[in-house]
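Line by line, the protein sequences are chains B and X. To convert a position in the first sequence, counted from 1, into the numbering used here, add 14. To convert a position in the second sequence, counted from 1, into the numbering used here, add 11.
Worth flagging that the hints you see were computed from the coordinates, not collected in a lab. Take these hints with a grain of salt, some might be off.
Said to hold, decoys possible - Ranges between beta-carbon positions, derived for each pair:
(1) 180(B) - 226(X): 44 to 54 Å
(2) 385(B) - 36(X): 25 to 35 Å
(3) 177(X) - 106(B): 15 to 25 Å
(4) 301(B) - 143(X): 22 to 32 Å
(5) 174(B) - 41(X): 50 to 60 Å
(6) 349(X) - 327(B): 25 to 35 Å
(7) 327(B) - 353(X): 18 to 28 Å
(8) 25(B) - 76(X): 40 to 50 Å
Unchecked claim - Sample of chain X residues at the chain B side, in silico, Cβ under 8 Å:
(9) 37
(10) 83
(11) 129
(12) 130
(13) 134
To be verified - Here's a subset of chain B near chain X, in silico, CB distances under 8 Å, partners left out:
(14) 107
(15) 184
(16) 186
(17) 189
(18) 193
(19) 388
Computed from a predicted structure; not experimentally measured. Note that CB positions come from ideal geometry on N, CA and C, so glycine has one too.
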Amino acid sequence: MSSGENRDEEREAKERRRIKSGEAMRDLMTKYYMEAKAAEGTDKHIAWITSGGPVEPLIAFDVIPVYPENHGAMCGAAHMNVELCEVAESRGFSRDLCSYARGDIGSAITKGGPIGGLPRPTFLVCCNNICNTVFKWYEELARFFDVPLFIFDTPFVRGGLPSHHLDYTRRQMEEYISFLERITSREYDEAHFVEVAAKSLYASGLWAEVLACNQARPAPMTCFDAFILMAPIVTLRGTQEVVDFYQGLLQEMRDRVEQGIGILPSEKYRLLWDNIPVWYEMRNLGRLFMELEACLVADTYTSAWTFQEVDTEDPLEAMAAIYTEVYLNINLERMADKIESLARRYEVDGMVMHSNRSCKPYSLGQYDLAKEFTRRTGKPTLIIEADHTDSRWYNRAEVEGRIRDFVENLL
Amino acid sequence: MDARMTVEECLEMWRNPYPRLARMREEGERPVAFFCSYTPEEILHAAGFTPVRLMGAVRTITHADAHLQAYCCSLARTDLDMALAGELDFLEGAVFVQTCDTMMRLSDIWRRNTSFPFHGDLVLPIRMGEEISLPFLVEEVRRFRGRVEEYLGRSIRDDALEESIHVYNRNRRMADRLYLLRRERPGALDGLSATACLVAGFWMRREKHNDLLHHILEEAEAGKEKAAEKLPLLVSGSVCATPDLYELLAELDAEVVDDDLCCGHRYFDAFADENISPEEALARRLWQRVNCPAKHQCLEDRAERLLRQVGDSGAKGVVFFLQSFCEPHLFDIPYLRNRLREELGIPSLVLESELQSFSRGQLRTRLQAFLETIRGV
Chain B
15 MSSGENRDEE REAKERRRIK SGEAMRDLMT KYYMEAKAAE GTDKHIAWIT
65 SGGPVEPLIA FDVIPVYPEN HGAMCGAAHM NVELCEVAES RGFSRDLCSY
115 ARGDIGSAIT KGGPIGGLPR PTFLVCCNNI CNTVFKWYEE LARFFDVPLF
165 IFDTPFVRGG LPSHHLDYTR RQMEEYISFL ERITSREYDE AHFVEVAAKS
215 LYASGLWAEV LACNQARPAP MTCFDAFILM APIVTLRGTQ EVVDFYQGLL
265 QEMRDRVEQG IGILPSEKYR LLWDNIPVWY EMRNLGRLFM ELEACLVADT
315 YTSAWTFQEV DTEDPLEAMA AIYTEVYLNI NLERMADKIE SLARRYEVDG
365 MVMHSNRSCK PYSLGQYDLA KEFTRRTGKP TLIIEADHTD SRWYNRAEVE
415 GRIRDFVENL L
Chain X
12 MDARMTVEEC LEMWRNPYPR LARMREEGER PVAFFCSYTP EEILHAAGFT
62 PVRLMGAVRT ITHADAHLQA YCCSLARTDL DMALAGELDF LEGAVFVQTC
112 DTMMRLSDIW RRNTSFPFHG DLVLPIRMGE EISLPFLVEE VRRFRGRVEE
162 YLGRSIRDDA LEESIHVYNR NRRMADRLYL LRRERPGALD GLSATACLVA
212 GFWMRREKHN DLLHHILEEA EAGKEKAAEK LPLLVSGSVC ATPDLYELLA
262 ELDAEVVDDD LCCGHRYFDA FADENISPEE ALARRLWQRV NCPAKHQCLE
312 DRAERLLRQV GDSGAKGVVF FLQSFCEPHL FDIPYLRNRL REELGIPSLV
362 LESELQSFSR GQLRTRLQAF LETIRGV
């Protein structure tokens, strides 16, 4: 066989393995960002919102939601976040602050980044279920843009969800609705809200099914693909386009499983990933894991947007409960339960944890979780040091060396 | 006892409170640790415990690195290190108040890796001072009381709790007087001594501290004012684990005339209402007191208060003294500094502290340069 034929075969195999829905997602996200940017300066309302925040009321009130964290990930992946961080640092923001926040503040000042910055917000919505960094960051944004800030406060949960937590978050959902009525001069339409919430839940259910396809061997995608493919569920859940997109993606994943198409040329090991991606290093790390025949089949991050079925009798209370009990807002034992369950369902051989210096609630406790994981599953863990979008803290040679050692020693 | 000697003892405790804490058990006390100024100490006090505050220690970390990353503040790291090294075995337990992400995770890590009999958690809302969060906080305080009672195996009587609230309110009134005295008659009581007397209260039964403050105030208020021309400054930040900052400023002829510290002014701000139910009184106090930057009241509350404090105290400069990696404080630095500069023309200096690599020499150099700038040398 000639080398030309060889290359053709390789190209074909690669094409077969490629996830086709990626294009539909890029189109969806491009259209979304173009519309959001075009709305700047018009009478349309634009709200910046945290990734774990309740977006459904915004969709129901016809407000365009914009996600600085998603934008941060984009800036990180485009290797543009460091220069934005430096802008914030030159204004006195410490290098020890979250790099999403620094990059976002930098981008607000300079309109820098791959899409020329985000459209100016008319108001801000911040939910601290993912961390307490966000409300400090959003306070700064509120001062910078001089716009109203709504804080949806979700107190930390240890064990079960106590009723006074739910009372508090339920009342804030009502307050949130009144806040939106005031800002948009529209009335709350519960039927419409229920419709949006139902779409959101439905899309999140589809997303859960997409992720579950990775229980198959070989896995049809890696969690690095999921990190990209989750953009619509994070930003636009509650809309019909998102439901359509995930229906298409789920079909593709099911087809792949049926036809035995794995994402890697060869899958020898299956691994679990913990924490936010190292956005600027996805390509290199993806290549490395592929070379090591190790597939990252599941992660603790993308499943944060898979909500459980809820009672729609009281949609506001249902939403309040969902947003309070997310992965980062619960105690270590409950996190360990979730990790263990992922490990068993996806039959992993070990876990790679990204100790992310930008994210304390995700990273502090990882050493104890790693030990607990090994105790419960008998599988090893590797902890690598990085930062989700500030590459100045990353030592490629060291991290790659440790990953190699880890995978080569898997049984 | 002579007031000078009392101040000297307080300073000694501030430098190293641990030998004294280690003796507490033998003296019949039941020390329970707390970290955060939002702890409802009155409940512990009424239960018969002596709440003692852990504010870290200058030390090399040997045990905590297996549980906490290096980008976590040195308060959490050194406190955990002492616990894991068995140096805090005199404690009956600890109380974790969820102020920041680090404390929230530290509670679980501490509970999983130590074996103190008592472990308490109190979750705070971040929205303080708004009607919507008050019922939540009242319920949290009630549950915290329930948790302590469950551990004790008996209930805490309302009158005992009311008495503890009274004792703590008296303490706050005297702390107010102490600060007023320091500000208005700095010659009678210097910043280092005043702060040492306040901080020492973290490591003794509150009644004893009330006696101590009473004694100091009587002497200082009656005493003659010495004329002292020192450069007035305000210190803002979290806690000063050691008196070094204050000692250095005194050496460099500066005087701390007021503070915005969580081991200072923020600790004793606001009273608990003695005419309502004890849980509501405690919750309301936490809810309306001056905010920690890890809590939200409105966008400008910290700046407004800081500017007012600087104006009232006549401070000529502000020293921000923070723990490295402390996000809530670090986020506020740029806007606080801008407003100080633009509205009052007040210069400021940011110092970060890491207890595991503490350098007094470096601190001195930076303070000296800052003071020279203000003095126009």
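Cross-check of the supplied hints:
no. : hint                        : result
1   : 180(B) - 226(X): 44 to 54 Å : 50 Å, holds
2   : 385(B) - 36(X): 25 to 35 Å  : 31 Å, holds
3   : 177(X) - 106(B): 15 to 25 Å : 44 Å, violated
4   : 301(B) - 143(X): 22 to 32 Å : 50 Å, violated
5   : 174(B) - 41(X): 50 to 60 Å  : 30 Å, violated
6   : 349(X) - 327(B): 25 to 35 Å : 49 Å, violated
7   : 327(B) - 353(X): 18 to 28 Å : 53 Å, violated
8   : 25(B) - 76(X): 40 to 50 Å   : 49 Å, holds
9   : 37                          : 33 Å, violated
10  : 83                          : 6 Å, holds
11  : 129                         : 16 Å, violated
12  : 130                         : 11 Å, violated
13  : 134                         : 5 Å, holds
14  : 107                         : 6 Å, holds
15  : 184                         : 11 Å, violated
16  : 186                         : 6 Å, holds
17  : 189                         : 6 Å, holds
18  : 193                         : 12 Å, violated
19  : 388                         : 14 Å, violated
Against the hints set out earlier in the document, violations occur for numbers 3, 4, 5, 6, 7, 9, 11, 12, 15, 18, 19.
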